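Protein chains in written order, with our numbering: chain F, 1 to 161; chain G, 1 to 51.
No lab work stands behind these hints: they were computed from the structure.
This one's a predicted model, so the numbers in the text were calculated from it and none came from an experiment.
Certain hints may be false.
[Stated by the list, open to error] One side of the interface only, derived from the structure: several residues of chain F facing chain G at Cβ under 8 Å:
no., residue
1, S23
2, L29
3, V33
4, L55
5, Y93
6, H99
7, Y124
A virtual CB, placed ideally from N, CA and C, is assigned to each residue, including glycine.
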Amino acid sequence: MFKKSDICNNPGYMNIEKYELKSGEQLELFEFVSVGPKGRIIKLVQYSPTNYKDLFNLGFGDKNIETGEIDDSAISNNGDSEKVLATVVATLYAFTDKHRDALVYVTGSTKSRTRLYRMGVTKYFDEAINDFEIFGEINNKWEEFRKDVEYEGFIVKRKLN
Amino acid sequence: MNVKDVNTKKKPVVVIDKSLDFFNDKVLFPKKLEKANEMLKKAGLPETKKT
Numbered sequence: 001m002f003k004k005s006d007i008c009n010n011p012g013y014m015n016i017e018k019y020e021l022k023s024g025e026q027l028e029l030f031e032f033v034s035v036g037p038k039g040r041i042i043k044l045v046q047y048s049p050t051n052y053k054d055l056f057n058l059g060f061g062d063k064n065i066e067t068g069e070i071d072d073s074a075i076s077n078n079g080d081s082e083k084v085l086a087t088v089v090a091t092l093y094a095f096t097d098k099h100r101d102a103l104v105y106v107t108g109s110t111k112s113r114t115r116l117y118r119m120g121v122t123k124y125f126d127e128a129i130n131d132f133e134i135f136g137e138i139n140n141k142w143e144e145f146r147k148d149v150e151y152e153g154f155i156v157k158r159k160l161n
Numbered sequence: 001m002n003v004k005d006v007n008t009k010k011k012p013v014v015v016i017d018k019s020l021d022f023f024n025d026k027v028l029f030p031k032k033l034e035k036a037n038e039m040l041k042k043a044g045l046p047e048t049k050k051t
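Here chain F stands alone, though its shape is the one from the complex (with noise of 0.2 Å):
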């Protein structure tokens, strides 16, 4: 998972390698693996339907490969937080590129990791925000997202141009 030492530094999403990308025809669940010191570990981007037409929630989680079970509260620490979270972000943009009105919730499994995610989106935010439609969830309101707010969810929209 994303430290926050990986995502002070800003190099641009563009120039941040990333892993290959699998996906099914729906382009709703995306498979990379992520290889560093503490092996290869499957990750899956799903991007399930929610009770909101057309809003889609991000889930994200690593794949046991012994057990086939899901765990989207695993800390890999496999030394590549970086590019897994540019990873993530290219699923975003191939999900949308299929489903261009879809709105995508994100939230995080804890606390901690809605943090992580938020810093994520400020980190990519002067990018993102040519693409992206960006909306920060506090107190059960939307608003337009602003950098350094403790938001507990996010929403994005694909920009339609």
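Since chain F is already given, all that's left is putting chain G on it; use the hints.
Frame of chain F; chain G shown alone:
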């Protein structure tokens, strides 16, 4: 296009693997989805631009 070019493009190259379509109707992160629906029930949706 070499590997470096692929990696630095904004839009990724995605290899289609039809075996992953098996999971299309399965929710792999049910707790997260439940949490999302709960949070959205309280907050509703933001007003997005139409264009």
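Results of checking the hints against the structure:
no.	hint	in the structure
1	S23	holds, 5 Å
2	L29	holds, 5 Å
3	V33	violated, 12 Å
4	L55	holds, 7 Å
5	Y93	holds, 5 Å
6	H99	violated, 13 Å
7	Y124	violated, 11 Å
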